[in-house]
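*Asks:* Here is what each chain is made of, one letter per residue.
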Amino acid sequence: MSETLEKPAVLPALTVVGTRPIRPDGADKVTGRAAYGADFTMPGQLVGKILRSPHAHARIVSIDTSKARAVPGVKAVVTGADFPDLASEVHEGGESASNLRDLANNVIARGKALYEGHAIAAVAATRAEAADEALARIKVTYEVLPHVTDVLEAMSPSAPVLHDHLFTEGLEARPEKPSNVAKRHRLARGDVAAALQAAEVVVERRYTTQAVHQGYLEPHACVAAWGQDGRCDVWSSSQGQFMVRTYCAKILGLEIADIRVTPAEIGGGFGGKTTVYLEPLALALSRQAGHPVKMVMSREEVFRATGPTSGGVIEVKLGAARDGRITAAQVEMSFQAGAFPGSPVGAATMTSLACYDIENFLVTGWDVVTNTPKVAAYRAPGAPIAAFAVESAVDELAQTLGLDPMDIRERNAVVDGTKASYGPVYQNIGYRETLAAARESEHWKAPLGPNQGRGLAVGFWFNIGGESTAAVHIAEDGSALVVSGNPDIGGSRASMAMMAAEVLGLPIERVRPIVADTASIGYSMLTGGSRTTFATGMAVVQAAEKVVQTLRERAAKLWETTVEQVEWKGAQAVCLDPAKADKKPLTLEALAAQAGRTGGPISAQVSLNAQGAGPGFGVHICDVEVDRETGQVSVVRYTAAQDVGRAIHPSYVEGQVQGGVAQGVGWALNEAYIFDGDGRMENPGFLDYRMPVASDLPMIDAVLVEVPNPRHPFGAKGVGEVPIVPPLAAVANAVSRAIGVRMADLPLSPPAVLAALDDAAA
Amino acid sequence: MSKVHVSTTVNGDPVEFLAAPGMTLLDALRDELDLTGTKEGCGSGDCGACSVIVDGRLVCSCLVLAPEAEGRRVETIEGMAQGGRLHPLQQKFLEHAALQCGFCTPGLLMAAKALLDSNPEPTETEARYWLAGNLCRCTGYDKVIRAVMDAAGELRQERTA
Amino acid sequence: MAHVVAGSECWPYTGGASEFDVDAATVRELITALDQRFPGLGDFVDRRMAFAIDGEIHQDAWFSPIGPQSQVWLIPKIGGG
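Protein chains in written order, with this note's numbering: chain A, 1304 to 2065; chain B, 17 to 177; chain C, 539 to 619.
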């Protein structure tokens, strides 16, 4: 229940929030001092390595580790048998519901190898060479089974079945036989069949995308130590030290408080580090060996064994009136989940039509397991894939009707009061404003050159709130510490410090943000879902407000007046009591110096579960130039408008937009997992898994539209995920218009573009 | 096979270590010399996170065998700031917010330094192509290029001053 | 009475019903009332669903208030990356 707030015409001017100070952890990162996952060592540590399945699908008949244990220097060897059997338990502690048993079986195989790269055993040794030799001496007997990597093939009745306990959920009647289809998602409104029949124009097409990896530069790494008393220490690079703690505890059968996880700096995550791969193995090895164990993945392991996001097949059918009003939308999507259920097709279903006000629709999503690595979250999981298809279809509709693509978005745009396709009624959204900002941009009016095309696409993401804890401590000299439990993956430390500084009235240089370990700060949900500035920021602001309240109370005591007579302004307590006109203001330093004698340390901690996170909308314009001889596509201009609520630190908000765009461009043009006939990945390295480099991109114009979120003290809203949603279609629409052929299959690599040009000429 | 004794200069300091036969310069820097500022992103010379400068030349240290450093001059990120003062590139990276997670930053800074040492007045295109060997997944390169161009301007001013 | 709209995930429990009125002043009361009306639904909703109360999304929040005229949508829990 909440009131509809008016959108203020102008945001009130603030002192720190909205400026662009240098980030507090910046010096460490430009001098090489910042410590990431692989930069940490513990005395006496061993090297841990993993034996991985060479087969995409195989029954593990037996594992003989005896010869491995005999290698000099080898101190521990573990297999799935060394881990407790978990009942199937849906755990909500990560970002999305994940089956714990599946997670544990993904960390180390039990019974079956389900993808090439699946961990079968792990060893720890005093030297890397000994660990390698031990891996070579582990004898695994496999019964190789037929495998399936393609999502449509996996759905066919004759496909090899990965799990004999998997029966499709979400159907009217439970199927009798197991299959690879884990779940059906469905959203429906009105009568889509009738509306399509009655529509004046219909466009229909199938779209495909391939599995792509989050592509973080830092491979997974951790150091873990199992103490003699069962108390464990883990140093790990992840998107959430509390998530690591919880998963390790559950997978190993420990009490949560017995594990202390210290967050390393993280070299990129984008959702791919919202789960665990190494930590439970390192702990199990450490327990056996009696020494700490360090494990660092190679880049090849990152590709072969950590979650990409799904490849998908999407069919879209749109019905519209001649004036561009979309009256019917039918979308059917099938996503690869990898070895265990849990693709992001559910979120894709919910976001696919979220920007459109359509009376009749049917959206169906199929979650399908395949013999490929278990997918992990990737920045607005599922939404970019759905948006690629829907935005391409809307573009085709615009072309068919001879309408401007911006006009057709506006004609069908959701506004405050529209019932969203996924259910609730929108309020305080900024979609219209973002469309307007894109339309008014220089880019939209600029002329195009030869062999160039312009693509427009829009996108949506929910953003979440969730549990966060933050503490603000005032030191004896009046400097301040802001402590929270969210790893900084995009500059959030700066935002936390800025928000605290704003409330306290301090310059940002006097506020030090700290990201603390699981024993030193209260629980926080992981960094992801575009939640940190919103939810942890809320906790920071509330903690800082409590500190200000305490400071006012201390001044009131000293002045022998009531707290109502004390104002906090410019980092000083100011006396408003007319009877005490002689009282000069007390600075934060002065009050801090007297903290002990006036009642004790000045400190506050706030834990909350932030609700009311507002969704975000993006409108992107992409210009490409196509070389008709080579099929090479160059992105020559890019503008991304997004409603950001309020930009706490505009440079880092722009950075989120630009980074998401770059990932989307790579997804559209070049990135793809390529599997051979045996289900093995052929391109597990950066040479052949081609991500954008500096020469692939132009400057990216990020237009920040500020429609404040009334639920956040400074109006902030999550921004990190929306930017990756529109680019796939923005690029594809641009290429389609440049060459006059609708491009429906990603990636649009040079051979694909050449083939399309050849087909068109024929 | 026995280890090779290597004597070299890193960031102006003479150092020595023992290198196992297959050890790369990257491993030597990180594991033998405790200089963990240089990062491993791929181990195959495709990402540039391990970029260092050897005898004035930009290289991927994961593609250089440790014994090859014998008698040479190696520069890493740890030597970029001098006497407590950040190099203009480091300062501009901070001012322009040209880093987010920071993992690619040491390699990018080394590569950018090598660029400006050899070409003090690069165009945007020249800068982009020079830095094409350094992958960044967070920034989209926009602010990185702005920082490099700005630092180039500042260094030119310092030279003429 | 709050007006509740339930998505297709809930239909196995509701026998296909997608809209109904429920007497509840908080999310927790709603969960209890749903479970009384459609056995198993309350537990399912508590574990797997979020609540959009008059358009605002509440997730894992038992004591979020529901007004006498509120519209409540049951939607799958939302994650992110």
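To be clear, the hints were calculated from the coordinates, so they are not data collected in a lab.
The structure displayed is predicted, hence computed values, not measured ones.
Don't be surprised by glycine CBs; every beta carbon is placed ideally from N, CA and C.
Any given hint might turn out to be false.
[Claimed, not checked] Within a straight-line C-alpha distance of at most 20 Å, the following computed SDA-like cross-link-like pairs (lysine to any residue) qualify:
(1) A:Lys1722 <-> C:Phe576
(2) A:Lys1722 <-> C:Asp592
(3) A:Lys1722 <-> C:His541
(4) A:Lys1722 <-> C:Gln607
(5) A:Lys1722 <-> C:Gly578
[Claimed, not checked] Which chain A residues face chain C? A few, computed with CB under 8 Å, are given here:
(6) Leu1448
(7) Pro1449
(8) Arg1489
(9) Gly1649
(10) Ala1683
(11) Pro1727
(12) Trp1747
[Claimed, not checked] Footprint (simulated), chain C over chain A, 3 or more residues, beta carbon under 8 Å:
(13) 1733-1742
(14) 1758-1767
(15) 1820-1833
(16) 1914-1926
*Asks:* Are the hints correct? Go through all of them and say.
*Replies:* Against the structure, the hints come out as follows:
no.: 1; hint: A:Lys1722 <-> C:Phe576; result: violated (26 Å)
no.: 2; hint: A:Lys1722 <-> C:Asp592; result: holds (11 Å)
no.: 3; hint: A:Lys1722 <-> C:His541; result: holds (15 Å)
no.: 4; hint: A:Lys1722 <-> C:Gln607; result: holds (17 Å)
no.: 5; hint: A:Lys1722 <-> C:Gly578; result: violated (28 Å)
no.: 6; hint: Leu1448; result: violated (31 Å)
no.: 7; hint: Pro1449; result: violated (32 Å)
no.: 8; hint: Arg1489; result: holds (5 Å)
no.: 9; hint: Gly1649; result: holds (5 Å)
no.: 10; hint: Ala1683; result: holds (6 Å)
no.: 11; hint: Pro1727; result: holds (3 Å)
no.: 12; hint: Trp1747; result: violated (29 Å)
no.: 13; hint: 1733-1742; result: violated (count 0)
no.: 14; hint: 1758-1767; result: holds (count 4)
no.: 15; hint: 1820-1833; result: holds (count 3)
no.: 16; hint: 1914-1926; result: holds (count 3)
Hints 1, 5, 6, 7, 12, 13 from the earlier list are contradicted by this structure; the remaining hints agree with it.
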